[in-house]
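Undergrad: Sequence:
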Amino acid sequence: EANNNIRRIIMDHYFTTSDNVRLHYSETGSGPNTVVILPGMGCPASDFNGVAARLGDEYKVYALDYRCHGESGAPKYGYHIERFSVDFKEMLEDAGIEKFHLIAHSMGNTVGWGYLEMFGWDNVLSYILEEEAPCLVPDPAWTEEEVHTLCGNIAWPSFMPAEAAGGEFMSKLFHDHVNRDWREEVKRIDKPTMIVMGDESHYTQPLLWGWLQENIAGSEFVTLKGGHNLHVDNEDGFVEVAAGFLGRQI
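Numbering (our numbering), first residue to last: 270 to 519.
If you're looking for bench data, these hints aren't it; they were derived computationally from the structure.
Treat each hint with caution, since some may be false.
Claimed, not checked - DSSO-like, lysine-lysine: derived pairs with alpha carbons at most 27 angstroms apart: (1) K460 <-> K441; (2) K368 <-> K358; (3) K460 <-> K368; (4) K441 <-> K345; (5) K358 <-> K460; (6) K456 <-> K368; (7) K358 <-> K456; (8) K441 <-> K358; (9) K460 <-> K494.
Whole structure, please, built from the sequences with the hints as guidance.
TA: The structure is reproduced here in structure tokens:
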């Protein structure tokens with residue numbers, strides 16, 4: 270059941286990756302166009318059920334549960350962005366998706382950027398970037414202005430213990446996720462892009478917002494009331510922006 274009393278059937282799909290892990294993804298809606306959602310770290314695909322239901326007239330919406338997330342398996346290996354990007358590729362292949370519009374939240378953006386780095390984005394029609402920065406752990410040599418420009422308002426630690434991260438596997442993923450510099454990949458994005466940021470987030474930083482707009486050619490930008498999880502905390506605003514942007518791409 271989604272917000273605003275919109276109900277849709279959510280179909281669950283499972284597949285086995287090339288490294289023998291059973292992963293889950295959901296499918297919602299019956300529209301002629303395809304949207305694929307990459308959630309953030311620690312967020313299951315079901316976080317986007319409300320958004321998917323409300324886009325379902327115009328789109329068939331898929332959302333991936335990463336390993337150790339949601340309904341997917343939790344192996345002892347594979348907790349790094351490149352493997353998650355390969356998992357994403359294999360999910361697209363399993364679903365038979367050839368062209369799609371991409372919505373990514375937080376770490377989901379880096380999974381998408383890893384996919385861009387390894388496989389290219391020829392199959393991506395447009396892109397909604399929700400709440401992410403190109404860097405999370407700053408270089409000690411950076412000035413305060415550089416930290417705000419590339420990381421936003423928070424400098425994450427380079428490591429998080431298992432008890433704080435949500436377990437050993439999530440600690441491994443956190444370490445790999447935050448210790449990256451994605452500036453080169455972000456500058457390669459050449460698809461119609463909408464950048465969506467919250468006005469009460471750790472990314473509420475005009476220097477970061479300006480860097481993203483300047484380095485993603487032709488990108489659009491909007492701030493919404495809310496924090497890091499806009500698609501949940503301000504679902505109405507997020508859906509309005511997403512539907513409007515996607516509608517201009519089809």
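Undergrad: The structure should be examined with respect to each hint, and the outcome stated for every one.
TA: Hints, verified against the model:
no.: 1; hint: K460 <-> K441; verdict: violated, 31 angstroms
no.: 2; hint: K368 <-> K358; verdict: holds, 12 angstroms
no.: 3; hint: K460 <-> K368; verdict: holds, 13 angstroms
no.: 4; hint: K441 <-> K345; verdict: holds, 10 angstroms
no.: 5; hint: K358 <-> K460; verdict: holds, 18 angstroms
no.: 6; hint: K456 <-> K368; verdict: holds, 22 angstroms
no.: 7; hint: K358 <-> K456; verdict: holds, 21 angstroms
no.: 8; hint: K441 <-> K358; verdict: holds, 21 angstroms
no.: 9; hint: K460 <-> K494; verdict: holds, 26 angstroms
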